[in-house]
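Build the full structure now, drawing on both the sequences and the hints.
Protein chains in written order, with this note's numbering: chain A, 2 to 341; chain B, 2 to 341; chain C, 2 to 341; chain D, 2 to 341.
Calculated directly from the structure, the hints in this document are not laboratory data.
Identical chains blur together in the list; that is why a pair holds if it fits in one copy or across any two.
Within a straight-line C-alpha distance of at most 30 Å, the following computed DSBU-like cross-link-like pairs (lysine-lysine) qualify:
#: 1; residue 1: Lys19; residue 2: Lys258
#: 2; residue 1: Lys28; residue 2: Lys301
#: 3; residue 1: Lys330; residue 2: Lys28
#: 4; residue 1: Lys261; residue 2: Lys155
#: 5; residue 1: Lys19; residue 2: Lys261
#: 6; residue 1: Lys277; residue 2: Lys300
#: 7; residue 1: Lys192; residue 2: Lys162
#: 8; residue 1: Lys330; residue 2: Lys19
#: 9; residue 1: Lys301; residue 2: Lys330
#: 10; residue 1: Lys44; residue 2: Lys19
#: 11; residue 1: Lys155; residue 2: Lys192
#: 12; residue 1: Lys28; residue 2: Lys261
#: 13; residue 1: Lys28; residue 2: Lys277
There are 4 protein chains.
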Amino acid sequence: MLYFINDYSEGAHPEVLKRLVETNMEKLTGYGTDVYTESAAEKIREAIGVPDAKVYFISGGTQTNQLAIDSLLESYEGVISAASGHIMGHEAGAIEYTGHKAIALPHKEGKITAEAVQSYIDIFYADAHHDRMVFPGMVYISHPTEYGTLYTKKELEALSKVCRSNNIPLYLDGARLGYGIATPECDVTLKEIAQLCDAFYIGGTKVGALCGEALIFTKEEPSRFITRVKQHGALLAKGRLYGVQFDALFTDDLYFKISKNAIDTADRIRAALREKGYTFFLNTTTNQTFIVMENEQLKKFGEQVQYDFWERYDDNHTVIRLCTSWATKSEDVDALIELL
Amino acid sequence: MLYFINDYSEGAHPEVLKRLVETNMEKLTGYGTDVYTESAAEKIREAIGVPDAKVYFISGGTQTNQLAIDSLLESYEGVISAASGHIMGHEAGAIEYTGHKAIALPHKEGKITAEAVQSYIDIFYADAHHDRMVFPGMVYISHPTEYGTLYTKKELEALSKVCRSNNIPLYLDGARLGYGIATPECDVTLKEIAQLCDAFYIGGTKVGALCGEALIFTKEEPSRFITRVKQHGALLAKGRLYGVQFDALFTDDLYFKISKNAIDTADRIRAALREKGYTFFLNTTTNQTFIVMENEQLKKFGEQVQYDFWERYDDNHTVIRLCTSWATKSEDVDALIELL
Amino acid sequence: MLYFINDYSEGAHPEVLKRLVETNMEKLTGYGTDVYTESAAEKIREAIGVPDAKVYFISGGTQTNQLAIDSLLESYEGVISAASGHIMGHEAGAIEYTGHKAIALPHKEGKITAEAVQSYIDIFYADAHHDRMVFPGMVYISHPTEYGTLYTKKELEALSKVCRSNNIPLYLDGARLGYGIATPECDVTLKEIAQLCDAFYIGGTKVGALCGEALIFTKEEPSRFITRVKQHGALLAKGRLYGVQFDALFTDDLYFKISKNAIDTADRIRAALREKGYTFFLNTTTNQTFIVMENEQLKKFGEQVQYDFWERYDDNHTVIRLCTSWATKSEDVDALIELL
Amino acid sequence: MLYFINDYSEGAHPEVLKRLVETNMEKLTGYGTDVYTESAAEKIREAIGVPDAKVYFISGGTQTNQLAIDSLLESYEGVISAASGHIMGHEAGAIEYTGHKAIALPHKEGKITAEAVQSYIDIFYADAHHDRMVFPGMVYISHPTEYGTLYTKKELEALSKVCRSNNIPLYLDGARLGYGIATPECDVTLKEIAQLCDAFYIGGTKVGALCGEALIFTKEEPSRFITRVKQHGALLAKGRLYGVQFDALFTDDLYFKISKNAIDTADRIRAALREKGYTFFLNTTTNQTFIVMENEQLKKFGEQVQYDFWERYDDNHTVIRLCTSWATKSEDVDALIELL
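Structure (C-alpha cells):
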C-alpha cells in the first residue's frame with residue numbers, strides 16, 4: 002500500500018530524532034527554560050529576521066491557534082477567517098470554546114482578500130447596532146491554505162495594511178509553512194511574512210517534528226503568555242521535547258531542506274497527472290494536490306493507495322487529495338505514477 | 002552538580018526512546034487511531050484489570066486534569082480537593098478557566114479524609130441556599146500526593162464509598178502513580194485503585210516518558226470524549242508519540258520496574274539522612290523526601306546539589322525537597338550521601 | 002414626532018403596571034419562590050397545555066437564549082440557526098461566550114427548512130472527520146422571525162420531526178410570540194408550538210412587560226436550572242418583578258388581547274401602504290412591516306417619523322422597518338397614514 | 002407574622018414606583034440611551050463627586066459582580082476576597098464561570114486587611130513558580146460586609162493604598178451601601194469611597210428599587226463595556242427600568258433618606274436586645290443584627306417572626322440574623338420588641 006493520505010504519517014525526521022536521542026539523558030530545567038528551547042528560539046528569531054520576537058512552542062495546531070487567538074482578542078471580539086479556515090470547521094469549536102466567535106468570510110481557493118476584510122469592517126461599523134455585535138478583532142489566514150494554495154506577497158501586503166489601518170492583528174497559521182516557503186512559486190520569504198504578520202506559527206508536526214509548533218509574536222506579545230499557556234493546560238514539563246526538535250530543525254536550514262522534498266515529489270506527481278490528462282480540482286504548487294477522479298477508477302486506485310477523500314464532485318466523480326511530505330520516498334512516487 | 006530537584010530532568014527512559022526510534026518511519030494513522038495507541042490502551046486495561054476501561058493519552062498533568070474534571074462536571078458543579086492539591090495552586094487556574102470552582106478542603110500531609118468530604122457535602126445540602134451555591138460534583142485526590150504521601154487502601158476505600166454514596170466520581174491524579182505503586186509501604190494495588198476510582202491517570206511525564214499521561218475512565222466515560230480533547234486543543238495529530246511510549250512502558254512491566262529505582266534510591270537517601278540525624282519535615286516513602294536544613298548549611302549544600310525549595314521553616318531553617326526518579330543513578334546517590 | 006421604530010419604546014401595559022403597584026408592599030419570598038411567580042407559571046402551563054412544563058422567568062431575550070442554549074448543549078455541540086437569527090449577529094457573541102458555536106444555515110425571509118437542517122446533519126455525520134468538528138446539538142428558530150415572517154404549522158411540524166428523529170431539541174425564540182399568535186394568518190396555536198418544541202420562550206419585553214421572558218421547557222429541563230440561572234448572574238432577588246407581570250399578562254388572556262392591537266395597527270398601515278403603491282421588501286403579517294423607500298422621500302419622512310433603518314436597497318432606495326406594538330395608538334396610525 | 006428575614010421582601014419604594022408609573026407611556030430610546038438613565042448617571046456622578054465616572058445599571062448583585070470582575074481581570078488573574086465574600090459562596094460560581102479563580106483570604110467579621118492582601122501578594126511573587134499560578138488581579142470587598150460590619154476609613158485607605166501600590170483595582174460590592182452610609186458609626190463618605198475604589202456598585206435591589214445596581218468605574222472603564230454587558234446577556238432593552246428608578250433614588254437624596262429608616266429601626270431592635278440581655282454574635286451597626294438564641298426559645302420565636310437562620314452556634318443555640326430595610330415599619334419593630 003502506498004500512502005499519500007496526509008503529511009503526518011511518519012514520526013520525526015531522523016536528524017531530529019537523533020538529537021532527541023543524543024540529548025536524552027542531559028539534565029535540563031523544565032517548562033521551556035532549558036538551553037535547547039532558548040537556542041531554538043534564537044535560531045528562529047534569526048531565520049525570521051526579528052531579533053526581539055517572542056517564540057513559544059506549543060504541541061499542535063489547534064492548541065496554538067486557540068492560545069494565540071484567545072490571547073490576542075478582547076472578550077467581545079471575534080476572529081475573521083475564510084469559511085474554509087481550519088479554525089472554522091476542523092478544530093471542534095476550539096475558538097468558540099474560549100468564548101470567541103469565528104467570523105466566516107467567503108473564500109476563493111481557501112483565501113480571503115484585503116478588500117473583503119475591509120468591507121466587512123466597514124459594514125460592521127456602519128451598523129448603528131454594532132455595539133451589540135461581535136467586534137472584528139483580528140484576521141486569521143493560513144499559508145499555505147487548507148486548499149494548498151498560497152497568498153502572493155502582494156496579497157499579504159494588502160491584508161497586512163488593512164489590519165494595521167484598522168488596528169487589529171494579522172495572524173498566520175503556518176501548519177505547512179515550510180512547504181509554502183519551499184515552493185518556487187511562493188514570492189514571499191519567511192522574513193517578509195514575519196514583517197507582515199503580528200503573530201504566526203511555523204508548523205513542526207507536519208514538517209519533520211514528532212509534535213510541536215513554534216508560535217511567534219513579532220511585535221507585542223500578550224501579557225504573561227507563559228501563564229496563559231499553563232492555564233490552557235498546554236505547558237509541557239519537559240519543554241526540551243520541543244526545544245531539541247526545533248533546535249535541530251533550525252540548524253543548517255534543515256527545516257527548509259526537508260520541506261523541499263515534499264515539493265519536489267508533489268511536482269513529479271503533478272507532472273505525471275497532467276501528462277496523463279487528469280483533471281485538477283484546483284491548481285496548487287505546494288505539497289497538496291487535488292484531482293477529480295472517476296469513481297470506478299477511484300475504487301481500484303484506493304486498493305493500492307491511501308488517499309484523502311476531499312469532497313463529492315458529481316454523481317460519478319470524487320475530489321481526492323494527494324499529500325507529500327518531508328518523508329515521501331522517491332520510489333513511492335515512482336510506484337504511484339505507475340498506477341495513475 | 003548533582004540533581005535532586007525534580008523528577009522530570011531527563012528525557013525518556015532509553016527503552017521508551019528506542020521504541021520511538023524503531024517505529025519512527027512506520028506509516029501510522031493519526032489522532033490516536035494507530036496500532037501502538039490501541040496496543041498501549043489494551044496493555045493498560047490488562048494492567049488495571051478493567052477490560053472495558055476507556056484509555057486516552059494526553060500531553061501532561063494539567064491538561065489531563067482540566068479535561069477530565071471539566072468533562073466529568075456539570076457546569077454548576079465544582080471539584081473538591083485538598084487545599085494542597087496540584088489543581089488548587091500550581092495549574093494557573095486551569096480548572097477555573099473551564100468554568101468550575103475548585104473547592105478546597107483542609108489537608109493533612111496532602112491528604113483529605115472521607116469524613117471531611119462527607120461533612121462538606123452534608124453542610125452543603127443542609128444550607129437552605131444551596132441552590133445558589135456551587136454543587137460538590139466530584140472529588141480530586143493525588144496519589145502519591147504533592148507531599149509525597151500515600152493514601153492507605155482503607156482511606157481510599159472510604160473515599161470511594163463516600164463518593165459512590167453521594168453519586169459523584171472519585172478522580173485520582175497519578176502524576177507519580179508508578180512511584181506510589183513501587184513503594185513497599187503502599188498497600189493498594191493498581192487494580193484496586195482502578196476499582197475504587199471512577200477516573201484516574203497514570204503519569205508518564207514523571208515516570209519514563211518524554212510526555213504523556215494515560216487518562217482512564219473505569220466506568221462510564223464522558224460523551225464524545227475525543228471531540229472534547231480536540232476542542233481543548235489537546236489532540237495530537239501524531240498520537241503515536243503517546244501510543245509508542247506507553248506501549249513500551251506497559252510491556253514487561255517496564256513502568257513498574259523503572260519506578261522501583263526511584264524508591265530504592267530515595268530509600269538509600271532517607272536512610273543516610275536518618276543516620277546523620279537530619280530532621281524530616283514529614284515522613285514519606287515515595288520518591289520525594291522533605292527535610293529541614295539549617296540555612297548556612299543549605300547555602301553550601303546548594304553549591305553542589307540542585308534541590309527544590311519547599312518552604313521557609315523558621316528564621317534559620319528551610320524545608321527542602323529531594324527528588325529521585327527512574328533516572329537517578331546510584332553513583333549520584335553515593336555522591337549526595339557523601340555531602341550530607 | 003411619530004414613533005414606529007421598535008416595539009419596546011414604552012414601559013409596561015397599564016394593567017401590568019397596576020398589578021406591580023397593587024402588590025408592591027406585600028412581603029414576598031425571594032428568587033422566584035413567591036406566589037405570583039408560581040401563579041404566573043401555572044397560568045402559562047395552562048395556556049400552553051402542558052401541565053408539567055417547567056417555567057422560568059429571565060430578564061431579556063439574549064439572557065434567555067444564552068441560558069437555554071448553553072444548558073441544552075453539551076460542550077462540544079453547537080446550535081443550528083438561520084444566518085439571520087438574533088443569536089447570530091445581534092447578541093454580541095453571547096452564545097460563543099458560553100463556549101458554543103452558532104452554526105449558520107442560509108435563510109429565506111428569516112426562516113430555515115427541515116430539509117436544510119437534515120442535510121446539514123447528514124453531511125456532518127458523513128464527514129469522516131466529524132469527531133473533530135462541532136456536533137449539531139440543537140436547532141434555534143425565531144417565530145415570528147427577525148424579518149417578521151411566520152413559520153407555518155407544516156413547517157414547524159417538519160422541523161420538529163427532523164429534530165426528534167436526530168435526537169436534538171428544537172428551541173423557539175418567542176421574543177414576539179404574542180404578535181405571531183395574534184396574526185390571523187398564523188396557522189399554529191400556542192399549544193401546538195408547545196407540543197412541537199422542546200423549549201421556547203414567550204416574550205414579555207416586547208409584549209407588555211417592563212422586562213422579562215417566560216422560558217419554558219416542555220419536556221425535560223436541564224438539571225439544576227435555577228443554579229445555572231444564578232451562575233449566569235440572571236436570578237433576580239425580587240423575582241416578584243417577573244411573577245407579578247406575567248401573572249397579569251396571563252390573566253384573562255391579556256397577553257393575547259394586547260398583542261392583537263399590534264397586528265390591527267400594522268394591518269391598517271400595510272393597507273395604506275399597499276393602496277399608495279409602496280414597494281414591500283417582503284410580505285409580513287405580524288407587527289413588523291418592511292418597505293422600500295426612495296431616499297429623498299425618506300429624508301422628509303424621517304423628520305416626522307422615527308423608523309428603523311433596515312438596509313440599503315440600492316443607490317436611491319432604502320429598506321426601512323415600521324413597527325407597531327401593544328402600545329401603538331390609533332391616532333398615531335392615522336397621522337402616519339396621512340404622511341405616507 | 003412579622004418579617005425580619007431579609008431586605009428584599011417588598012417591591013420598590015413608593016416614590017420610585019410612582020416615577021415608573023408617571024413615565025410609563027413616554028416613548029424612550031432603548032438599551033440605556035434614554036434621558037432618565039443619563040439623568041440618573043449624572044446625579045450619581047454628582048453624589049460621588051467624580052464628574053467623569055462611568056455609570057452602568059445592571060439587574061442584580063451577582064450579574065454586576067460577574068461583569069465587573071470579569072472585565073477588570075486578565076484571563077490569568079483571580080480576585081482576592083474574604084472567604085466570607087458573597088462571590089465566594091453564594092453566587093453559584095459566577096466568577097469561576099467566567100474563568101477566574103476567587104482567592105479566599107481569612108476574614109474577621111467579614112473583613113480583610115491591607116496587610117493580609119499585601120502578604121498574599123508578597124508570598125505569591127516570592128514563589129519561584131508563580132508564573133504557573135493564578136495572579137492576584139484585583140481585590141473585592143463588600144461594604145457593609147455580609148456580616149453587616151463596616152470598614153473604617155482608615156482600613157479602606159490602607160486597602161486602597163495596597164491596591165494602588167500593587168497596580169491592581171479595588172472593587173467594592175455595595176449591595177447595601179446605602180445602609181452603610183446611613184450608619185452614624187460609618188466614618189467614610191460616599192465621595193471618599195469613590196476616591197478610594199477603582200470600581201464599586203451602589204445597590205438598588207436592597208435599597209428601594211425593584212431591581213438594579215449602579216456599577217461605577219471611577220477611573221478607567223474596561224473597553225467596550227456595553228458590548229460586554231450585552232455579551233453577558235445583561236443589557237435590558239428597556240433600560241428605562243433602571244434609569245427611572247435610580248433617577249428617583251438620587252433625587253433629593255431619597256436613597257440616603259430611605260436608608261436611614263433601616264438603621265433607625267435596627268438600632269431600636271438592638272437597644273431592646275441589649276436591654277433584654279441577648280447575646281450578640283458580633284457587633285453591627287448597620288441593618289443586619291446577629292444574635293445567639295436558645296433553640297427552644299427560637300422555635301416559639303419562629304412562629305411569629307420570619308428570621309434568617311445564620312449558623313448553628315452549639316447544641317442548644319443558633320445564630321440568627323434580623324434584617325431591617327427602607328420598608329421596615331415602626332409598628333412591626335414595636336411588635337418584635339414585644340416578643341423578645
